[in-house]
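**Student:** Letter by letter, the chains look like this.
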Amino acid sequence: MLDGDQAAVAATLLLGPRHLPAGLFAGDEAAVLRGLRVHANSISHARLVALEESFPRLRAHLGAGAFNRLSRAFVESGGAGRRALADIGAGFADWLTDPVAASIARVEWAWLESYHAADARALQLAELAGGGEAGLLALRVRHHPAARIVPLAPGSAPLIDAAFAPDTAAVLVTRPDADVRLFAAHPAEKAVLAAAADPTALGTLIALLDERHPGGGAAIAALIDAGAFERWDE
Amino acid sequence: MAATPSPSLPRRAGIGLKARHYADVLAAWERGAAPAWVEVHPQNYFGAGGPPHRWLAAIADRVPVSFHSVGLSIGSTDGPDPQELDALALLCDRYRPAMVSDHLSWSSTPRDKFPDLLPIPYTNAALDHFAAGVGRVQDRLGRRILIENPSRYLAYAHDDWDEAAFLHALCRRSGCGLLLDINNVEVSAFNLGFDAETWLDAIDPALVGEIHVAGHAVKDDGGGGRIAIDDHGSPVRSSCWALLARFLRRAGPRPILIEWDSDVPDWAVLMAEAARADAVLELVDA
Numbered sequence: 001m002l003d004g005d006q007a008a009v010a011a012t013l014l015l016g017p018r019h020l021p022a023g024l025f026a027g028d029e030a031a032v033l034r035g036l037r038v039h040a041n042s043i044s045h046a047r048l049v050a051l052e053e054s055f056p057r058l059r060a061h062l063g064a065g066a067f068n069r070l071s072r073a074f075v076e077s078g079g080a081g082r083r084a085l086a087d088i089g090a091g092f093a094d095w096l097t098d099p100v101a102a103s104i105a106r107v108e109w110a111w112l113e114s115y116h117a118a119d120a121r122a123l124q125l126a127e128l129a130g131g132g133e134a135g136l137l138a139l140r141v142r143h144h145p146a147a148r149i150v151p152l153a154p155g156s157a158p159l160i161d162a163a164f165a166p167d168t169a170a171v172l173v174t175r176p177d178a179d180v181r182l183f184a185a186h187p188a189e190k191a192v193l194a195a196a197a198d199p200t201a202l203g204t205l206i207a208l209l210d211e212r213h214p215g216g217g218a219a220i221a222a223l224i225d226a227g228a229f230e231r232w233d234e
Numbered sequence: 001m002a003a004t005p006s007p008s009l010p011r012r013a014g015i016g017l018k019a020r021h022y023a024d025v026l027a028a029w030e031r032g033a034a035p036a037w038v039e040v041h042p043q044n045y046f047g048a049g050g051p052p053h054r055w056l057a058a059i060a061d062r063v064p065v066s067f068h069s070v071g072l073s074i075g076s077t078d079g080p081d082p083q084e085l086d087a088l089a090l091l092c093d094r095y096r097p098a099m100v101s102d103h104l105s106w107s108s109t110p111r112d113k114f115p116d117l118l119p120i121p122y123t124n125a126a127l128d129h130f131a132a133g134v135g136r137v138q139d140r141l142g143r144r145i146l147i148e149n150p151s152r153y154l155a156y157a158h159d160d161w162d163e164a165a166f167l168h169a170l171c172r173r174s175g176c177g178l179l180l181d182i183n184n185v186e187v188s189a190f191n192l193g194f195d196a197e198t199w200l201d202a203i204d205p206a207l208v209g210e211i212h213v214a215g216h217a218v219k220d221d222g223g224g225g226r227i228a229i230d231d232h233g234s235p236v237r238s239s240c241w242a243l244l245a246r247f248l249r250r251a252g253p254r255p256i257l258i259e260w261d262s263d264v265p266d267w268a269v270l271m272a273e274a275a276r277a278d279a280v281l282e283l284v285d286a
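One line per chain: the protein sequences are G and D, in this order.
With the numbering used here as the guide, the letters of the first sequence map in order to residues 1 to 234.
With the numbering used here as the guide, the letters of the second sequence map in order to residues 1 to 286.
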């Protein structure tokens, strides 16, 4: 009985009042439809507000009207259906067809993930001083839990931060302490963070950068300074 | 259920804590003017870390905190959402809240999650099912929880119980307490056409561990009908204050929460509402 009631209410909320079995609710039809409309509106409103709050920069870029149309279409396409409210924007960037809009959305989602990520003390450049080259290369580090790298579509970087050059190809998102920080990054740094998903010797990451990054292995300094790693002493 | 000793909520006014008021709470505490307790939606703290936890930890060090969950979906046919319950248990271990509550409702099917509190039928089968769900939550958390009476826009035609009797039976069977939301009583009474005072008078005060008061909106539906909507977006209505005083005269003091979730006002406005709730408590305690 409970299964049937809930399936009927769910179908009505998702597909409309023609799916409501006659006599499920007490009262006249107008009152029942009024009540169902409140629930349907509450659900829709909560999802749209969650998307607005997750993607303020994309909303500013597109304009409130266009953002609202897109977010409604996303919700109605089923993009939100199985997610808790806090995760509702997780699939939004991949759903967007405009690559610039998708890039902005990916950075904003990475910002949120970073904001809520586990706290950890970020490795600092000052800790590397005086350790000698062998010690430096052997130092084991791990990807900081709040660090993300997001590849960008051409032309999207200045829309994320006016200080970014138009040809910026990726954004590094970190939160070494309380504040989330964004840095222009090279796509090769994504491979470095991926390699550091498990504790890895700093020398391995430097070698990876040496192969793939225009700045060579020295680019590791900027990543450390940004708060991309935590020290792994175990 | 293995009981874990927990701090208790003061029988005074508390406020629903919003991010925009984090600094206000700490500043008020420095002045000796903090609210007696605060309530949060634990779902806002399910992330592993970050600033929300830093603020909540700082506040929880100073004033009692209540967790008012909106996501367990205890009434769903599959029972409480296991991921939500695990996350809530983790958060309870971390903060040791003075109270934990959720709603007499459901929010998900195996295929969909609805960010709303949907009504359950007041049938014998639903009572068995919901009481078992509350039992699972209490066993997992190792503590008694409170269940809140919902704002109702619909009543099932095949209900076996009236709402107050259903809540009493639920408390008896599961050992949970009642979070009495007086604004919800008003909203439901308006929409379903019952008398709020009669409903309130039927509630056993011994079951009530916390009270919510809030504002609601009444809107035209465009077709000649009107509906009360529980939007928590305005001051507590005078009728709600009157119902609160009526209940407290019979029940004695209880922790009272000012719920204000949309169009959240300035700190001073919120604290003025809390002061008004404290004044009602003082009157009934005199």
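In case anyone wonders, no lab produced these hints; they're calculated from the structure.
Check the hints yourself; a few may be wrong.
[What the hints assert, rightly or not] A few chain G positions that, by computed beta-carbon distances, are all more than 12 angstroms from chain D:
#, residue
1, Gly131
2, Ala178
3, Leu193
[As the list claims (entries may be wrong)] Distance windows between CB atoms, simulated:
#, chain 1, residue 1, chain 2, residue 2, range
4, G, Gly130, D, Asp278, 26 to 34 angstroms
5, G, Arg181, D, Ser8, 39 to 47 angstroms
6, G, Glu127, D, Ala19, 29 to 37 angstroms
7, G, Glu127, D, Arg31, 37 to 45 angstroms
8, D, Val269, G, Gly135, 55 to 63 angstroms
9, D, Gly32, G, Asp225, 37 to 45 angstroms
10, D, Arg249, G, Asp94, 54 to 62 angstroms
Source: prediction; values computed, not measured.
Beta carbons are placed, not taken as given, at the ideal position from N, Cα and C, and that holds for glycine.
**Student:** I'd like to know which numbered hints this structure contradicts. Please list them from smallest to largest.
**Tutor:** Violated hints (numbers, rising): 2 and 4; every other hint is consistent with the structure.
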